[in-house]
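Got chain A; can you put chains B and C on it based on the hints?
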Amino acid sequence: MKFRARILVSLKEGVLDTQGKAVLVSLKNLGFDVVEEVRIGKSIEIVLSAGSAEEAEKKVESMCEALLVNPLIETGRVSLEAIG
Amino acid sequence: MNASVVVFPGSNCDRDVLYALGKIAGIPAVPVWHKDPVLPEDTDLVVLPGGFSYGDYLRCGAMAARSPIIQGVREHARRGGLVLGICNGFQVLTEAGLLPGALLANSNLEFICSPCLLRVERSDTPFTNAYPEGTLVQFPIAHHEGLYFLPERELQKLEDNRQVVFRYAAADGSAGAQHSPNGSLNGIAGIVNSSGNVLGLMPHPERASEKLLGGTDGLGMWYSIKSWLEGGAR
Amino acid sequence: MDYRKAGLRPHEYETIRRELGRDPNETELRIFGVMWSEHCSYKSSRPLLKLFPKEGPSVLKGVGENAGVVDAGGGWGLAFKVESHNHPSAVEPYQGAATGVGGIIRDILAMGARPIASLDGLFFGRPDSAKTRFLSNGIVKGVGGYGNCVGVPTVGGKTLYDERYEDNPLLNAFCIGLVASDSIVSSQTAEPGNLVVLLGSKTGRDGIGGAAFASVELGEDTKASRPQVQIGDPFVEKLLIEACLEALEKGLVTSMQDMGAAGITSSASEIAAKSGVGMILDLDLVPLREENMAAWEIALSESQERMLLIVRPENLDAVLSLGQKWDLDCAVIGKTVEGNRFILRKEGEVFADLPASLIGGGCPEIHWPAERPKDLDQRQSFEFEPSGFPGDLSQPLLRLLASPSLKEKSWITRQYDSMVQVNTVQGPGAPLSLIRIKENGNLVAITMEALPWACSLDPYRGGYETMARSLRPLWVAGARHLGMTNCLNFPSPENPEQFWEFSEAVRGLADCCKDLSCPVVSGNVSLYNESAGRAILPTPLVCSVGILPVSGFPLLPGKWKEGDFLFLAGIENASIPGSHFQAVLQGRLVGRPLPPSPEMETGFMERALQTASRQIADSAVPLLGGGLGIALGKEAIASGVGAQIDLQIPTHPLALFFAEGGARALYAVPEARVPEFIRTWTGFPFRMIGRVGGDCLCLPQSEPIPLQILSNAWKGA
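Chains as they are written, first to last, in our numbering: chain A, 1 to 84; chain B, 1001 to 1234; chain C, 2001 to 2717.
Next comes chain A alone, as it looks inside the complex (with noise of 0.2 Å):
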């Protein structure tokens, strides 16, 4: 079966982001007032076969262990839905 994943990686709470704060910056220059926080993070897209869900979220976790996700300063949430 063919599965894509997708994972959010984001800067764990405490750690700086200037991205984040820069782009407040530039949204309140803009005019939105209304904006409180910016955090941001990547979105990572992963197509993979697998027997089942199970499996494949499994396997996905340990690619984000293994490289995709750094447990200091991120976190890495899954979701996955069959495809084809």
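Hints in this document: simulated from the structure, not taken from any laboratory. Errors might be hidden in some of the hints.
[Unchecked claim] EDC-like, lysine to aspartate or glutamate: derived pairs with alpha carbons at most 20 Å apart:
| id | chain 1 | residue 1 | chain 2 | residue 2 |
| --- | --- | --- | --- | --- |
| 1 | B | Lys1211 | C | Glu2055 |
| 2 | A | Lys21 | B | Asp1044 |
| 3 | A | Lys59 | A | Glu36 |
| 4 | A | Lys12 | A | Glu81 |
| 5 | B | Lys1035 | C | Glu2242 |
| 6 | A | Lys42 | A | Glu81 |
| 7 | C | Lys2050 | C | Asp2511 |
| 8 | C | Lys2715 | B | Glu1110 |
| 9 | C | Lys2409 | B | Glu1110 |
| 10 | B | Lys1157 | B | Glu1145 |
| 11 | C | Lys2050 | C | Glu2038 |
| 12 | C | Lys2561 | C | Asp2618 |
| 13 | C | Lys2514 | C | Glu2055 |
| 14 | C | Lys2141 | B | Glu1110 |
| 15 | C | Lys2043 | C | Glu2494 |
| 16 | B | Lys1035 | C | Glu2038 |
| 17 | B | Lys1035 | C | Glu2246 |
| 18 | C | Lys2374 | C | Asp2511 |
| 19 | C | Lys2325 | C | Glu2314 |
| 20 | B | Lys1023 | B | Asp1044 |
| 21 | C | Lys2043 | C | Asp2071 |
| 22 | A | Lys12 | B | Glu1152 |
| 23 | A | Lys42 | B | Asp1036 |
| 24 | B | Lys1023 | C | Glu2497 |
| 25 | C | Lys2438 | B | Glu1210 |
| 26 | B | Lys1211 | C | Glu2439 |
| 27 | A | Lys58 | A | Glu81 |
| 28 | A | Lys12 | B | Asp1124 |
| 29 | A | Lys21 | B | Glu1145 |
| 30 | C | Lys2407 | C | Asp2128 |
| 31 | B | Lys1035 | C | Asp2329 |
| 32 | C | Lys2325 | B | Asp1036 |
| 33 | C | Lys2005 | C | Glu2026 |
| 34 | C | Lys2141 | B | Asp1217 |
| 35 | C | Lys2561 | C | Asp2646 |
| 36 | A | Lys12 | B | Glu1210 |
| 37 | B | Lys1226 | B | Asp1124 |
Relative to chain A, chains B and C alone:
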């Protein structure tokens, strides 16, 4: 004594370090390809040089830290061998867990290439014994992700353990966060591991090793290493 | 398909039919459409480029290859070239700049040279417009983002602001590399029976939308997201550099070309034509990253970071291993054969069968008519009008120091790694850049210069002065010139007045090169830089390269010492027309720049070289933008010490301090060496103008300017 300089895909400063070690410091040095799982047998010093390994993609140093050679570097460090990570090399060492912390994007979100004043915080390491403690040295920096980060508690532990070896400084001798060109916490520019044989720093000593190019403060690092290795202390 | 949709003119189509003896098919038509575009064929400029002197004792490889090579001494050569990437940078500034840098680096690599330094010329519109801020930020980040990652130091450049570039910014990227003289790669050395190998990134549809013809032809299988903008990958480029240099070191390659405009077709047909061989390419074998690519798309794709290698069959395995080692796609895509045909096949079907030499070299030249601009006489009539400026020189000096084109550019240059490769002796922010060559103990000196204001008033004189001004910093530092490369940035040649400016500027450049024996070893032309009725200023850009031994102690600026005597070497009354004073402070351009004076140039050169080699002066700077006043200001700031200037001469003070042009320099000479300086410069105009000392810059009849004020103005603090 012998040095091995690891070359990752995208390393740029390997040739510079080979030149500084071999031609200027007189420490024979060879390049080692990242896919080799072991270091050359008689390696005393391993250097992870600066550059953009794997294009800095995903996270700086992340993919390089998972290279086969890192296994060899870990063994070497475990045995008390010397490991020096410069700039991208420092990033690789933190990703590999050989040094604590992480290097985040500079606070001004720009690449900065600039001369830089550092204060030598410790003279009792294999890398800094040629500098009197508190000396000010100038090594250039050239990086986009040089902001040293560690969560508060671990940061305090790092300081208590005296693991900070180089701190960003000013001409009047003061050093600290206020002098960080990149926002590094506590103005940290370079650290050692708890056993003191693995050093990582963002500035480039190999770029401060010739008068012709603007300064020779970096020579002290090579002399320190030589003197340590000659002293036989391992 | 209609030949006009392919971007061809009627006489070009007739030429093709005549040479082929038949009608070209659609694929062949598209090939000619791209290869015979202005950008690829230089059809409008070839007649003019013939004016450039190309030979010289220092030339190892001249015009005709990817880049020219000059003799650096000790068995080493320097390959260098400058190239524009103007239109892409106006559309997508980051990627336009990045791919511009990537492209010129590959041109140098294609000579077998390791790239050792880059410079970039930037021309932006009004400094205060949001558009300029957007473009300049993107372009600077693109240059840095690519150059830093690829490990080539960016060591200098030129930045100029003028509203004529508002919609058409310019990016000229220069690169220089080092190659052993006996290892220079040539495009003439392929033999029949070689294999054609593609190394580097996969091929996609990059750049095809920007080709010479309309997009109607992008057929039934068009994908909505066809990339119009080329995306650069500096990481792959770095791998490509190392892989190619390793292949060359191991002797695995008989010829090599980089793939730029018109991709595979351009590089492959060029090798075939220059080597006198035929070539058969099987486009199915090209590693692709998009589906359902037509033959012409594969043939003309401008996907970045690809090199074409010509390899003897016995070396193929070694080349494929190198590809594997460096994780680069590496595939045999064809072979060379006897004859002169260039044949493209896909799935067994022949899509193009053309004489190789017709593709790259067969486009007929176009001789556009030239007409002297009708308003030129009016624009050239000049009366110096100093009203509006008080006698105090400090105000105009501070305003010029703070002007965007002259002020400190560290906001740009600190985003560039200028030190990687540990060879940078003089980096950005100086009149010249100096790179040490470890292999032979020499220093390479590089300058970049362009004078669009002067060229707009008198393109011949402006062109001549541009060339001369690019050489003077070399001489002042003590370097002898070896050669130059140039990028000719102009608007449409189809406008007779604009074509006249283009021809006159080239004539001026060429005459100066001949007068001063400086061969042109490479270059690039970028035409049609205009939009919505607004054309750029005529902007010929020159990069000159010189050499001096490391032991020659280059004579550099920024080293004034208390008590030094200050000398102006050169004439006192230069040109206000075309100067920063006139363009920026007076807000207009009228008059004519100085006429050329080859005897003055050579007289200056000999004395400057002597002054440098005998180390007679502590500090020296050629007079460039802003003239004597700016030179004094910048020297004081860099040296951290002021000066007292005492001059009593008839020339109007504003003209004396702010006029530009001519062979002139500012020297700071220690007292003990003054007699020697005077002896050296006797026979050439020179004058002692003051003395270094104190903490203010004191100009005649003016408020003394404290160093801190000078520095704040220049740094924009």
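Hint check results:
| no. | hint | result |
| --- | --- | --- |
| 1 | B:Lys1211 <-> C:Glu2055 | violated (37 Å) |
| 2 | A:Lys21 <-> B:Asp1044 | violated (44 Å) |
| 3 | A:Lys59 <-> A:Glu36 | violated (36 Å) |
| 4 | A:Lys12 <-> A:Glu81 | violated (25 Å) |
| 5 | B:Lys1035 <-> C:Glu2242 | holds (16 Å) |
| 6 | A:Lys42 <-> A:Glu81 | holds (19 Å) |
| 7 | C:Lys2050 <-> C:Asp2511 | holds (12 Å) |
| 8 | C:Lys2715 <-> B:Glu1110 | holds (19 Å) |
| 9 | C:Lys2409 <-> B:Glu1110 | holds (15 Å) |
| 10 | B:Lys1157 <-> B:Glu1145 | violated (23 Å) |
| 11 | C:Lys2050 <-> C:Glu2038 | holds (17 Å) |
| 12 | C:Lys2561 <-> C:Asp2618 | holds (7 Å) |
| 13 | C:Lys2514 <-> C:Glu2055 | holds (10 Å) |
| 14 | C:Lys2141 <-> B:Glu1110 | holds (9 Å) |
| 15 | C:Lys2043 <-> C:Glu2494 | holds (12 Å) |
| 16 | B:Lys1035 <-> C:Glu2038 | violated (46 Å) |
| 17 | B:Lys1035 <-> C:Glu2246 | holds (17 Å) |
| 18 | C:Lys2374 <-> C:Asp2511 | violated (25 Å) |
| 19 | C:Lys2325 <-> C:Glu2314 | holds (19 Å) |
| 20 | B:Lys1023 <-> B:Asp1044 | holds (18 Å) |
| 21 | C:Lys2043 <-> C:Asp2071 | violated (30 Å) |
| 22 | A:Lys12 <-> B:Glu1152 | holds (13 Å) |
| 23 | A:Lys42 <-> B:Asp1036 | violated (32 Å) |
| 24 | B:Lys1023 <-> C:Glu2497 | violated (58 Å) |
| 25 | C:Lys2438 <-> B:Glu1210 | holds (12 Å) |
| 26 | B:Lys1211 <-> C:Glu2439 | holds (18 Å) |
| 27 | A:Lys58 <-> A:Glu81 | holds (14 Å) |
| 28 | A:Lys12 <-> B:Asp1124 | violated (35 Å) |
| 29 | A:Lys21 <-> B:Glu1145 | holds (16 Å) |
| 30 | C:Lys2407 <-> C:Asp2128 | holds (14 Å) |
| 31 | B:Lys1035 <-> C:Asp2329 | holds (18 Å) |
| 32 | C:Lys2325 <-> B:Asp1036 | holds (12 Å) |
| 33 | C:Lys2005 <-> C:Glu2026 | holds (11 Å) |
| 34 | C:Lys2141 <-> B:Asp1217 | violated (30 Å) |
| 35 | C:Lys2561 <-> C:Asp2646 | holds (18 Å) |
| 36 | A:Lys12 <-> B:Glu1210 | violated (42 Å) |
| 37 | B:Lys1226 <-> B:Asp1124 | holds (14 Å) |
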